[in-house]
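Undergrad: As a plain string of letters, each chain reads:
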Amino acid sequence: MVKLDVNGRAHEIDVDPDTPLLWVLREQLGMTGTKYGCGVAQCGACTVHVDGQVTRSCQLPVGSVSGKVLTIEGLSPDSSHPVQAAWLAHQVPQCGYCQSGQIMAAVALLNEKPQPTNDDINEAMTNICRCGTYQRIRVAIHSVAGGKA
Amino acid sequence: MGVVNRRRFLATAVGGGFTLAWALPGGVMEAVAQTAPGTPLTPASAGGTPVGIWVVIKPDDTTVIRIARSEMGQGTLTGLAQLVADELGADWKKVTTEYVPPEANQANKRAWGEMLTGGSQGIRQSVDYVRQGGAAARTMLEQAAAAQWGVAPSECRGHEGAVTHAASGKRLRYGQLAEAAGKLPVPRDVALKAPGDWTIIGKPLPRLDTVEKTNGAAVYAIDVALPGMLLAAVAQCPVFGGKLAGFDAPAVQGMPGVRHVLPVGDNAVAVVADTWWQAKTALEKLPVTWDEGPGAQENSKAIAARLAEGLDATTAAVGNQAGDAPGVLAKAKRTVTATYGAPFLNHATLEPMNCTAKMDGDRLEVWVGTQNGDATLAAAAEASGVPLDRVRVNKYLLGGGFGRRGQQDYTRQAVLLAKQIPGRPVKLIWSREEDMQHGYYRPITQCKLTAALDDAGNVDALHVRISGQSILAYLAPNRLNNGVDMAQFQGLIPAEFGYNAIPNLLIDHAMRNTAVPVGFWRGVNHNQNAVYVECFIDELAAVAGRDPLEFRRAMLAKSPKHLAVLNAAAERAGWGTPPPSGVFRGICQNCGFGSFTAAVAEVSVSKAGDLKILRIVAATNPGYVVNPDQVTAQVEGSFTYGMSALLYSENTVEGGRVVESNFDSYQVARMADTPKIETVLAPTGGFWGGVGEPTIAVAAPAVLNAIYAATGKRIRTLPLKNADLSHA
Ligand code: FES
Ligand code: FES
Numbered sequence: 001m002v003k004l005d006v007n008g009r010a011h012e013i014d015v016d017p018d019t020p021l022l023w024v025l026r027e028q029l030g031m032t033g034t035k036y037g038c039g040v041a042q043c044g045a046c047t048v049h050v051d052g053q054v055t056r057s058c059q060l061p062v063g064s065v066s067g068k069v070l071t072i073e074g075l076s077p078d079s080s081h082p083v084q085a086a087w088l089a090h091q092v093p094q095c096g097y098c099q100s101g102q103i104m105a106a107v108a109l110l111n112e113k114p115q116p117t118n119d120d121i122n123e124a125m126t127n128i129c130r131c132g133t134y135q136r137i138r139v140a141i142h143s144v145a146g147g148k149a
Numbered sequence: 001m002g003v004v005n006r007r008r009f010l011a012t013a014v015g016g017g018f019t020l021a022w023a024l025p026g027g028v029m030e031a032v033a034q035t036a037p038g039t040p041l042t043p044a045s046a047g048g049t050p051v052g053i054w055v056v057i058k059p060d061d062t063t064v065i066r067i068a069r070s071e072m073g074q075g076t077l078t079g080l081a082q083l084v085a086d087e088l089g090a091d092w093k094k095v096t097t098e099y100v101p102p103e104a105n106q107a108n109k110r111a112w113g114e115m116l117t118g119g120s121q122g123i124r125q126s127v128d129y130v131r132q133g134g135a136a137a138r139t140m141l142e143q144a145a146a147a148q149w150g151v152a153p154s155e156c157r158g159h160e161g162a163v164t165h166a167a168s169g170k171r172l173r174y175g176q177l178a179e180a181a182g183k184l185p186v187p188r189d190v191a192l193k194a195p196g197d198w199t200i201i202g203k204p205l206p207r208l209d210t211v212e213k214t215n216g217a218a219v220y221a222i223d224v225a226l227p228g229m230l231l232a233a234v235a236q237c238p239v240f241g242g243k244l245a246g247f248d249a250p251a252v253q254g255m256p257g258v259r260h261v262l263p264v265g266d267n268a269v270a271v272v273a274d275t276w277w278q279a280k281t282a283l284e285k286l287p288v289t290w291d292e293g294p295g296a297q298e299n300s301k302a303i304a305a306r307l308a309e310g311l312d313a314t315t316a317a318v319g320n321q322a323g324d325a326p327g328v329l330a331k332a333k334r335t336v337t338a339t340y341g342a343p344f345l346n347h348a349t350l351e352p353m354n355c356t357a358k359m360d361g362d363r364l365e366v367w368v369g370t371q372n373g374d375a376t377l378a379a380a381a382e383a384s385g386v387p388l389d390r391v392r393v394n395k396y397l398l399g400g401g402f403g404r405r406g407q408q409d410y411t412r413q414a415v416l417l418a419k420q421i422p423g424r425p426v427k428l429i430w431s432r433e434e435d436m437q438h439g440y441y442r443p444i445t446q447c448k449l450t451a452a453l454d455d456a457g458n459v460d461a462l463h464v465r466i467s468g469q470s471i472l473a474y475l476a477p478n479r480l481n482n483g484v485d486m487a488q489f490q491g492l493i494p495a496e497f498g499y500n501a502i503p504n505l506l507i508d509h510a511m512r513n514t515a516v517p518v519g520f521w522r523g524v525n526h527n528q529n530a531v532y533v534e535c536f537i538d539e540l541a542a543v544a545g546r547d548p549l550e551f552r553r554a555m556l557a558k559s560p561k562h563l564a565v566l567n568a569a570a571e572r573a574g575w576g577t578p579p580p581s582g583v584f585r586g587i588c589q590n591c592g593f594g595s596f597t598a599a600v601a602e603v604s605v606s607k608a609g610d611l612k613i614l615r616i617v618a619a620t621n622p623g624y625v626v627n628p629d630q631v632t633a634q635v636e637g638s639f640t641y642g643m644s645a646l647l648y649s650e651n652t653v654e655g656g657r658v659v660e661s662n663f664d665s666y667q668v669a670r671m672a673d674t675p676k677i678e679t680v681l682a683p684t685g686g687f688w689g690g691v692g693e694p695t696i697a698v699a700a701p702a703v704l705n706a707i708y709a710a711t712g713k714r715i716r717t718l719p720l721k722n723a724d725l726s727h728a
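Residue numbers (my numbering), protein chains in the order written: chain A, 1 to 149; chain B, 1 to 728.
Rather than coming from a laboratory, the hints here were simulated on the basis of the structure.
Check each hint, because a few of them may be wrong.
Stated by the list, open to error - In silico DSSO-like pairs for lysine-lysine, Cα to Cα no more than 27 Å straight-line:
no., chain 1, residue 1, chain 2, residue 2
1, A, Lys113, B, Lys676
2, B, Lys183, B, Lys94
3, B, Lys170, B, Lys285
4, B, Lys183, B, Lys285
5, B, Lys94, B, Lys58
6, B, Lys94, A, Lys113
Stated by the list, open to error - Coverage of chain A stretches by chain B, computed from C-beta distances (three or more under 8 Å per stretch; other residues unrestricted):
no., region
7, 6 to 13
8, 38 to 49
9, 57 to 67
10, 103 to 111
11, 138 to 147
Stated by the list, open to error - Not the full set, but computed from the structure, chain A residues with beta-carbon under 7 Å of chain B:
no., residue
12, Val2
13, Glu27
14, Gln84
15, Asn118
16, Arg130
17, Tyr134
18, Gln135
Note that the Cβ used here is the ideal one computed from N, Cα and C, for glycine as well.
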């Protein structure tokens, strides 16, 4: 049994502790907002927070997770987190597949640096978006920083 | 949209522990096959009244607009809804959408038209009939109100979700009229609004699918959860054309969760388990032997040599011709020659290929992201052996398409597996590695360009020889025209090429195929051809000692739309004013997918060769603009996709297999690569052009021409990661 705290809920899960957190979220817990894109920590589609730290869950064995996990589903009860609101205001998503990860990465960045520079954004936002929404992501992050989301 | 709501229900069901089955309200789908195409098609429209075939209106005024094409990020769902809603006189706040199930289209003689979503045609090829659908429904609602009021229909006006009668001040909401309206015959050939009367078309409305894409609720095919579902991981023979020779199932059968180890067709094997992670883990341990076949001989070096031979071959298919280019070139005093090349490219949609299938007796159901619902239905039926009318296809949002999801290979695999495990839904998910190695790649081509300049520096003759692989020869040989793949000339045929005024012109193609599967790719052919032509034109301008913009302007004098969009980009970029110190500009233009595009790039390149793309100005004239904010998003997205191809991405072949396996070896553009992208919408009206792809054609050449301005170097082979940009 693996114990896991996800979005404030405690779970006991019968799963091989070597299973990546991503797949436990998706398959055992049915929380499919966190996506699989590469499995090798390259694309960021699987980004969640563990104790507030931005983490690529595809490479993290669930047995090694002791902290609190926050996923896109737990970010806000009604999609009202300022970053979600900014994403909506700036119409960021295209296919949307990368956006859970992008949003979780942006939230972590803004928690750490409420006024990120473009360089901060370049450094922190390394998630892949094949649809090419990078420019809108940048604008949306700045709008949150400026309190204009 | 309806599909999403349905999936939300599913997601809830999963959270509750696989207790609830996925189900449509009683017999809805069965009813479709036997009745008129107005029947509700999905839970989203249940409880509403179809008014014609494109619109379903509920008593609370909810207006469900049916969408036959696929949403893969390009915004077509919202754009098509805008087209219908405008003619309908809908209250946009009440508008929602549902996908037309492919089997409903099939059962009703394709009443909803083409489902294929590719070639940037989702809007431009359906604009007339979907607007007709909205206008017909509005007319029916007006007629219903007129009958109720005892007035002439011509005195009634459907607008903002209600019909009003000006003389009496009477008003009825569409929700109150739908039931009566739905019983009326559907009128044909209703007059459409003039562009000046549009109220919803042309507005930068927010997309209809954004909220669920910001909170994890949007459901893609990879997220499908069904009661009793098993998960499959697949390995296909890594060598193209190779076959499955054998596998040692007992070696993994005892591993956790493993239920089956099964062949998939003649070239793949799958492990089926309780979870995908278990399936994938076991698959990695499964001993498999392959019969690699002759494809194992194929490799990038041999392909490059084969293509190089085609550059000077005596026989080639002609795509555009005027005067006597070879004759003039042979005698010319001053000629310029250059050879360019572009590699194979995987689409690398962020959602890997996947499909869920379930065989139940003589019925098949699949859950899939597809760019072509009709073709998926046909392929699923064929793979299962079940007749078409026994197949259901549930279309999902696509986590990217770019052409890849127009192919049916992954659907066929899921069906072949499901057939072997009757009664259980099987979800097949490709690993990224599998996805990278089994693409339908952008074809590899090389291009040799030769021009003659007269004494005044004008282009007197131009020969463009493309050598390389043909998509149609691989995918649809029946669409070759006497062995010629005319699609290879995209952007270069007389109807698209801007430089037709060149007196002696020859554009031809030496088809040189490979063992590598190729397919349609975002902006395919255009994005290679535009690099070749627009960079070479830049070379000619330099040789002639002319400004690249002025040089093009003179050559485009007889192509006013090409010229106008080029000027729009140049003007916004400030071409002709000096750029900031250390910054250099490049320019280019193209016409494709019915639209006109141009771009100016600003770059800096350090002496050591570090490139920074600082700014891109991208102008586009798609005729009419349905949603300016979404067109802008497509310009940004197309540029970025083109930037990946320009900077990093390439697939190479060794031993008959693709070398790259994941995003570490197949790099793509990221945030740090992305410049400021300024979109200039320069619509002239009068035609409907595509927007999902055209800008990709101008992404790379604008940057390459700017790199030349910065470094004096012409980079003629992509991607740039292989080039040395250092300069004195
Ligand atoms: S799936 Fe984890 S980084 Fe790509
Ligand atoms: S929105 Fe499609 S991958 Fe980012």
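Undergrad: A separate judgement is required for each hint: does it hold in the structure or not?
TA: Consistency of the hints with the structure:
1. Lys113/A - Lys676/B: holds, 22 Å
2. Lys183/B - Lys94/B: holds, 22 Å
3. Lys170/B - Lys285/B: Since the Cα atoms of Lys170/B and Lys285/B sit roughly 74 Å apart, the hinted pair is violated (cutoff 27 Å).
4. Lys183/B - Lys285/B: With Cα atoms ~62 Å apart, Lys183/B and Lys285/B exceed 27 Å; violated.
5. Lys94/B - Lys58/B: holds, 10 Å
6. Lys94/B - Lys113/A: Distance of about 40 Å is beyond 27 Å: violated.
7. 6 to 13: violated (count 0)
8. 38 to 49: holds (count 6)
9. 57 to 67: Three-residue rule not met by the region 57 to 67 of chain A, so violated; n is 0.
10. 103 to 111: Contact hint for the region 103 to 111 of chain A vs chain B: violated, 1 residues under 8 Å.
11. 138 to 147: violated (count 1)
12. Val2: Status violated, d = 13 Å.
13. Glu27: holds, 4 Å
14. Gln84: holds, 5 Å
15. Asn118: violated, 9 Å
16. Arg130: holds, 5 Å
17. Tyr134: Holds - the Cβ of Tyr134/A comes within 7 Å of chain B, reaching about 4 Å at its closest.
18. Gln135: Since the shortest Cβ distance to chain B is 5 Å, the answer is holds.
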